[in-house]
Amino acid sequence: MGFRLQRLGLVHANGLRALAGVTLAARRGERIAVIGPSGAGKTTLLRLLGTAVRPSEGRVEVLESNPWQLSGGALRRLRTRIGTVHQAPPLPARQRVITAVLAGRLGTWPWWKSLLSLAYPADIAGACAQLARLDLADRLFDRCDRLSGGQLQRVGIARVLYQQPELILADEPVSAMDPALADLAIQQLIAEATGRGVTLIASLHAVDLALRWFPRIVGLRAGEVAFDLPPVRITDALLRDLYASESATLPTQGGEPLRLPQPGAEVAVRRPACQ
Amino acid sequence: MQNDEAKALQLCFSCVITLVIAAAVVIASFAYLPLGPGRLFSREAGGEMLEFFLSFFPPDLSAGHVRKTAWAAVETLAVSAVGTLLAAVGGLLLCLPASGRYGWAPRALARGLLNLLRSVPELVWAALMVLAAGLGPFAGVLALGLHTTGVLGRLFAEALENTPKEPAAALLGVGASPALAFVYGTLPGVAPQLLAYTLYRWEMNIRMAAILGFVGAGGLGQMLYYELSLFHQAQAATVIGAMLLLSVAVDAASAVARRGLARAYA
Numbered sequence: 001m002g003f004r005l006q007r008l009g010l011v012h013a014n015g016l017r018a019l020a021g022v023t024l025a026a027r028r029g030e031r032i033a034v035i036g037p038s039g040a041g042k043t044t045l046l047r048l049l050g051t052a053v054r055p056s057e058g059r060v061e062v063l064e065s066n067p068w069q070l071s072g073g074a075l076r077r078l079r080t081r082i083g084t085v086h087q088a089p090p091l092p093a094r095q096r097v098i099t100a101v102l103a104g105r106l107g108t109w110p111w112w113k114s115l116l117s118l119a120y121p122a123d124i125a126g127a128c129a130q131l132a133r134l135d136l137a138d139r140l141f142d143r144c145d146r147l148s149g150g151q152l153q154r155v156g157i158a159r160v161l162y163q164q165p166e167l168i169l170a171d172e173p174v175s176a177m178d179p180a181l182a183d184l185a186i187q188q189l190i191a192e193a194t195g196r197g198v199t200l201i202a203s204l205h206a207v208d209l210a211l212r213w214f215p216r217i218v219g220l221r222a223g224e225v226a227f228d229l230p231p232v233r234i235t236d237a238l239l240r241d242l243y244a245s246e247s248a249t250l251p252t253q254g255g256e257p258l259r260l261p262q263p264g265a266e267v268a269v270r271r272p273a274c275q
Numbered sequence: 001m002q003n004d005e006a007k008a009l010q011l012c013f014s015c016v017i018t019l020v021i022a023a024a025v026v027i028a029s030f031a032y033l034p035l036g037p038g039r040l041f042s043r044e045a046g047g048e049m050l051e052f053f054l055s056f057f058p059p060d061l062s063a064g065h066v067r068k069t070a071w072a073a074v075e076t077l078a079v080s081a082v083g084t085l086l087a088a089v090g091g092l093l094l095c096l097p098a099s100g101r102y103g104w105a106p107r108a109l110a111r112g113l114l115n116l117l118r119s120v121p122e123l124v125w126a127a128l129m130v131l132a133a134g135l136g137p138f139a140g141v142l143a144l145g146l147h148t149t150g151v152l153g154r155l156f157a158e159a160l161e162n163t164p165k166e167p168a169a170a171l172l173g174v175g176a177s178p179a180l181a182f183v184y185g186t187l188p189g190v191a192p193q194l195l196a197y198t199l200y201r202w203e204m205n206i207r208m209a210a211i212l213g214f215v216g217a218g219g220l221g222q223m224l225y226y227e228l229s230l231f232h233q234a235q236a237a238t239v240i241g242a243m244l245l246l247s248v249a250v251d252a253a254s255a256v257a258r259r260g261l262a263r264a265y266a
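For the record, the sequence lines run as chains A and B.
Every letter in the first sequence is one number past the one before it in my numbering, and letter 124, counting from 1, is 124.
Every letter in the second sequence is one number past the one before it in my numbering, and letter 68, counting from 1, is 68.
For reference, chain B alone in the conformation it holds in the complex:
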C-alpha cells in the first residue's frame, strides 16, 4: 500500500516537473525571439494581419494566369505519379533482400539503405537533387522517388516477412524458378497490401509535390514561391486555391479508390 502511495506521489512530482519545464521553455522562447506576447496579440498586430490577408483578394482569375496555374497543377500531379511509381519499383527491388530472402548480410545492407533513404526528408532530397539535376520537375521526381523508396521498401519488406512461405516453397518443390515461385506463391498474398501502401503514399506525395517546388523542383510550389517573392499576392492566391482544390480532389479520389479496392478484395 505504502509503496503504491509513494509511486503516486512520485508520478505527480514528475508531472509538476514536466509542466515547469514546458512553461520555462515557452517563456524562454518568447524572450529569445524578439517577439513579445503583448505585440503578438495587440490590436495593431491584428490590423496588420487582416491587411495582409486581404491583400490576397481578389485572386487573379485572368485566363492566362489560370491556365498557367492549371499546367503547374498537372506538373505537380505528374511529379507525384512518376516519383511514386519509381519508388514502388525501387521498393519492390529492395524489399526482397530486406525481407531476409538472401540471408542476413544482404538484409542488413538493404535495411541500412532503406533507413538512409527514409530518414532524409523529401525537402532535403529535393534541395540536393536541384543541385544534382538542375531546377525543375525532374529534381522533384527524384526527391520523391528516393524518400518514398525508403518508406515503401520497408513496408513491403514487412509485408513479405509476414506472409506465409509455404506456397512459394511448394512451387520450388515442383521445380519452379525462384522468380516464378515468388510471382505465383508469394505475390497473391501480399499484392493487395503493396497496392494499398503505394496508393496511400501517392496520396501523400501529391501534397508533398506541391510544396517541393519551394526549393526549385517544379510544379505549383515553384510557381507559388516565384509569385510570393515578387509580392504578387493576387497571383499567389490563385496558386494556393489550386493547391486546396488538388488536395480536396485527391481526398475524394482516394476515398473512391479505397471503396473499390475493399470490394475487390472482400
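Same shape as in the complex, but just chain A:
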C-alpha cells in the first residue's frame, strides 16, 4: 500500500480550512496527478502525506503505518522512506549541488558518514548519475545560488531520486522548467515509479502534463476531491468546472490549447554517462 486517507480534514491555525473529507488511497507503484486551481489544497494534501503537518480530523496511513502514532525514532525512519520534491527547492544558497543531492540520504547514512561527506563527498558517482538523468551532471560542483529556478527544481528532483524513497510526493515539481525539460523531469519521476515500484503523487499546474503522463487524475477544488478518474474519462466540461473559479482557459504548458487524452508514451530510466 502506498497510502490511505480517510475523511481527512485540516484547518490551519488561522482558522482557514484547507481540506475537508478527503478520502483517497493509492496502491504501491501507483502514479497519481493532483490538479486543481490555486488554493485548492494540493500542497496541504502533499504535506499531510509527507508527515509535515498533522490532520485536524480523519485518518492518515502512509506506507502501512499511522505516522502520528509512531515514536520519534520510528517517525524518522518512516520519513526516510518518503521523498518530497518542493516547488521552490529549499536549498541553502552557498551549498554545492553535490552536497544538496547527497543530503537525500541523511536519514539513512550513519552520522559520521554524513559529517565526513561535508569534507569530501561520500558518493560522487551516485549523485552524478541522478543529476545526469535530468541533464544537469555538468553542474555537479556548482553552488546552488549559481543555478536558475528550473535548474534548482531539477536538483531537488535529483535529491529525491538519490534518496530512493518508497513514496514520492512532488509539489508542482516542474513549474519553473520549459516544456521540454518539464517532460524530461516528469518522465524520470514516472520511470522511477514504474521501475522500482515507487508510489508517485504529483500536484501539477499544467493540465496537459498531468493528462499525458499519469494514469490516474485527482481533481481537487476548495479542499475537496472533485473527481478521481483515468485521463480517458476526463472531459472538457469536468476540467472547466474544476477551474471555473480561476479563469476561462485551462492552465497548460506555455499556454497551448489543451488536446484531450492521448495514450501515455513508453518511458525508460535515462542512464547517460558520468565523467
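In case anyone wonders, no lab produced these hints; they're calculated from the structure.
Remember, it's a predicted structure, so these values are computed and weren't measured experimentally.
There could be a bad hint or two in this list.
25 angstroms max Cα-Cα, derived SDA-like pairs, lysine to any residue [claimed, not checked]: (1) LYS113(A) x GLY73(A); (2) LYS113(A) x GLY189(B); (3) LYS165(B) x GLN193(B); (4) LYS165(B) x ALA93(A); (5) LYS68(B) x ARG207(B); (6) LYS165(B) x VAL151(B); (7) LYS165(B) x GLY72(A); (8) LYS165(B) x SER56(A); (9) LYS165(B) x ALA119(A); (10) LYS165(B) x GLY15(A); (11) LYS165(B) x THR108(A); (12) LYS165(B) x SER38(A); (13) LYS165(B) x TYR197(B); (14) LYS68(B) x ALA249(B); (15) LYS68(B) x PHE231(B); (16) LYS165(B) x TRP68(A); (17) LYS165(B) x PRO121(A); (18) LYS68(B) x LEU123(B); (19) LYS165(B) x ARG107(B); (20) LYS113(A) x LEU93(B); (21) LYS113(A) x LEU96(B); (22) LYS165(B) x HIS12(A); (23) LYS113(A) x PHE182(B); (24) LYS165(B) x TYR102(B); (25) LYS113(A) x GLU166(B); (26) LYS165(B) x ALA191(B); (27) LYS165(B) x ARG54(A); (28) LYS165(B) x PRO67(A); (29) LYS165(B) x GLU172(A); (30) LYS165(B) x PHE182(B); (31) LYS165(B) x ARG146(A); (32) LYS165(B) x LEU75(A); (33) LYS165(B) x LEU195(B); (34) LYS165(B) x ALA88(A); (35) LYS165(B) x GLY189(B); (36) LYS68(B) x LEU245(B); (37) LYS165(B) x TRP111(A); (38) LYS68(B) x GLN233(B); (39) LYS165(B) x SER117(A); (40) LYS165(B) x ARG76(A).
Given chain A, put chain B in place with the hints provided.
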C-alpha cells in the same frame, strides 16, 4: 503654521537648557576635583608633562628585556585566541536555545544568561577570575571567554533567527536527525556570518588582552603594570611600543583576512 513655530521655539529652548546643563557640569567637575583650568594649562604644567614624557625615552632595547616583552606579546596573543575560541564554542552552544529553537522558556533563559555575561565588562570579569583562578594568563582567558560568549551568543542567535528555516525543515522531512539537519540545512547559510563575527571579536580581544594584565591576568598588560609601579619608564616604553606594534599588525592581518573572506564568499 503657528503650531510649527511653537514647536521650533520649544526645540530651541531645549537646546539652550542642554547647553546650560553641560556647562554647569563642566564647571562643577573642575570645582569638585582639586584641578583648576589655570593649573592644567599653565606653563609649569606643560613643562612637567614634557619631562614625564621624555622620561620614557630612550626605551630599554636590551636583548633580555626585548625577549621578555616579545614573550609577553605572544602570551597576550595566545590569551586572546584561546579566549575567543572558547567564546565561539560557548556562543554556538548558547545561540541554539537563544534563537528559540527549543521554545520560549529556554530562549528566555539563554538570553538572560547571555545578557548577564555581556553586561559585565571584560576587566571586571578579569578581576573576578584573578580571585577565582589566581594570577596569570588563565584568568585572562576565562575573562575574555565569558564576556565574548555573551556577545557572540547574542549575535549568533540573531543570525540564526534571520536565516531561512526551510532547508533544515526539508531535511527533517527525509528523516535526518535535528543535528544533521542543522549542519546541512542551516549552517551553510550562517557560517560566513559566524566566522566574520568571531574574527571581528578576536581582533577586539587582542587589544583587550593587552590591557587585562593590569588586574593581573598576564601578558603585556601585567608587564606594563609591573614596570610602571616600579617607575621603570624606559622598560615600560618598550612594552607600550610592543602594544602599538601588536595593534598595527592585527589591523593589517584582519584587513588581509577580510579581503580573503570577501573573495571566498563573493
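Status of the hints after comparison with the structure:
Taking the CA atoms of LYS113(A) and GLY73(A), the gap is about 19 angstroms. The hint holds against a cut of 25 angstroms. Restraint check for LYS113(A) and GLY189(B): satisfied, since their Cα atoms lie roughly 21 angstroms apart, inside the 25 angstroms limit. Between LYS165(B) and GLN193(B) the alpha-carbon distance is near 16 angstroms, which keeps this suggested pair within the 25 angstroms criterion. The hinted pair formed by LYS165(B) and ALA93(A) meets the criterion: a straight-line CA distance of about 13 angstroms does not exceed 25 angstroms.
Of the supplied pair hints, the one linking LYS68(B) and ARG207(B) holds, its CA atoms being roughly 19 angstroms apart against a limit of 25 angstroms. For the suggested pair LYS165(B) and VAL151(B), the alpha carbons sit about 23 angstroms apart, so the restraint of at most 25 angstroms is met. Taken as a hint, the LYS165(B) and GLY72(A) pair is honoured in the structure, with Cα atoms around 20 angstroms apart against an allowance of 25 angstroms. Between LYS165(B) and SER56(A), the direct Cα distance comes to roughly 24 angstroms. Compliance with the 25 angstroms bound is thereby established for this hinted pair.
Proximity of LYS165(B) to ALA119(A) is assessed by CA-CA distance (about 23 angstroms); at most 25 angstroms being required, the pair is judged to hold. Annotation: proposed proximity of LYS165(B) to GLY15(A) holds, straight-line Cα distance about 23 angstroms (limit 25 angstroms). Proximity of LYS165(B) to THR108(A) is assessed by CA-CA distance (about 22 angstroms); at most 25 angstroms being required, the pair is judged to hold. Under the criterion of a C-alpha separation no larger than 25 angstroms, the hint pairing LYS165(B) with SER38(A) is consistent with the structure, at around 24 angstroms.
Among the hinted pairs, LYS165(B) with TYR197(B) is consistent with the structure: their alpha-carbon atoms are about 21 angstroms apart, no more than 25 angstroms. Only pairs whose Cα atoms come within 25 angstroms are accepted, and LYS68(B) paired with ALA249(B) is accepted, the gap being roughly 19 angstroms. Annotation: proposed proximity of LYS68(B) to PHE231(B) holds, straight-line Cα distance about 18 angstroms (limit 25 angstroms). Straight-line distance between C-alpha atoms of LYS165(B) and TRP68(A) comes to about 23 angstroms, which keeps the hinted pair within the 25 angstroms bound.
Distance restraint check for LYS165(B) and PRO121(A): the Cα-Cα separation of roughly 24 angstroms lies within the 25 angstroms cut-off, and the hinted pair is therefore satisfied. With a C-alpha separation of about 24 angstroms, the suggested pair LYS68(B) and LEU123(B) falls inside the 25 angstroms cut-off, and the hint holds. About 17 angstroms separates the Cα atoms of LYS165(B) and ARG107(B), which keeps this hinted pair within 25 angstroms; it holds. A C-alpha spacing of about 23 angstroms is found between LYS113(A) and LEU93(B), which places the hinted pair at or below 25 angstroms, so the restraint holds.
Taken as a hint, the LYS113(A) and LEU96(B) pair is honoured in the structure, with Cα atoms around 24 angstroms apart against an allowance of 25 angstroms. With a C-alpha separation of about 19 angstroms, the suggested pair LYS165(B) and HIS12(A) falls inside the 25 angstroms cut-off, and the hint holds. Restraint check for LYS113(A) and PHE182(B): the C-alpha separation of about 15 angstroms stays at or below 25 angstroms, so the hint holds. Restraint check for LYS165(B) and TYR102(B): satisfied, since their Cα atoms lie roughly 14 angstroms apart, inside the 25 angstroms limit.
Taking the CA atoms of LYS113(A) and GLU166(B), the gap is about 23 angstroms. The hint holds against a cut of 25 angstroms. Between LYS165(B) and ALA191(B) the alpha-carbon distance is near 15 angstroms, which keeps this suggested pair within the 25 angstroms criterion. Restraint check: the Cα-Cα separation between LYS165(B) and ARG54(A) comes to about 19 angstroms, which is no more than 25 angstroms; the hinted pair holds. Of the supplied pair hints, the one linking LYS165(B) and PRO67(A) holds, its CA atoms being roughly 23 angstroms apart against a limit of 25 angstroms.
The suggested pairing of LYS165(B) with GLU172(A) holds, with an alpha-carbon distance near 20 angstroms, which does not exceed 25 angstroms. Between LYS165(B) and PHE182(B) the alpha-carbon distance is near 10 angstroms, which keeps this suggested pair within the 25 angstroms criterion. The straight-line distance between the Cα atoms of LYS165(B) and ARG146(A) is roughly 20 angstroms, inside the 25 angstroms bound, and the hint therefore holds. Of the supplied pair hints, the one linking LYS165(B) and LEU75(A) holds, its CA atoms being roughly 20 angstroms apart against a limit of 25 angstroms.
Between the alpha carbons of LYS165(B) and LEU195(B) the distance comes to roughly 20 angstroms, so the proposed pair stays at or under 25 angstroms and holds. For the proposed pair LYS165(B) and ALA88(A), the alpha carbon gap of about 13 angstroms is at most 25 angstroms, so the pair holds. Taken as a hint, the LYS165(B) and GLY189(B) pair is honoured in the structure, with Cα atoms around 10 angstroms apart against an allowance of 25 angstroms. Between LYS68(B) and LEU245(B) the CA atoms are separated by roughly 15 angstroms; this keeps the pair inside 25 angstroms, and the hint holds.
Our distance criterion of 25 angstroms between C-alpha atoms is met by LYS165(B) and TRP111(A), whose separation comes to about 21 angstroms. For the hint linking LYS68(B) to GLN233(B), the alpha-carbon distance of about 16 angstroms falls within 25 angstroms, and the restraint holds. As the CA atoms of LYS165(B) and SER117(A) are separated by approximately 22 angstroms, the hinted pair is consistent with the 25 angstroms bound. Taken as a hint, the LYS165(B) and ARG76(A) pair is honoured in the structure, with Cα atoms around 19 angstroms apart against an allowance of 25 angstroms.
In summary, this structure violates none of the numbered hints.
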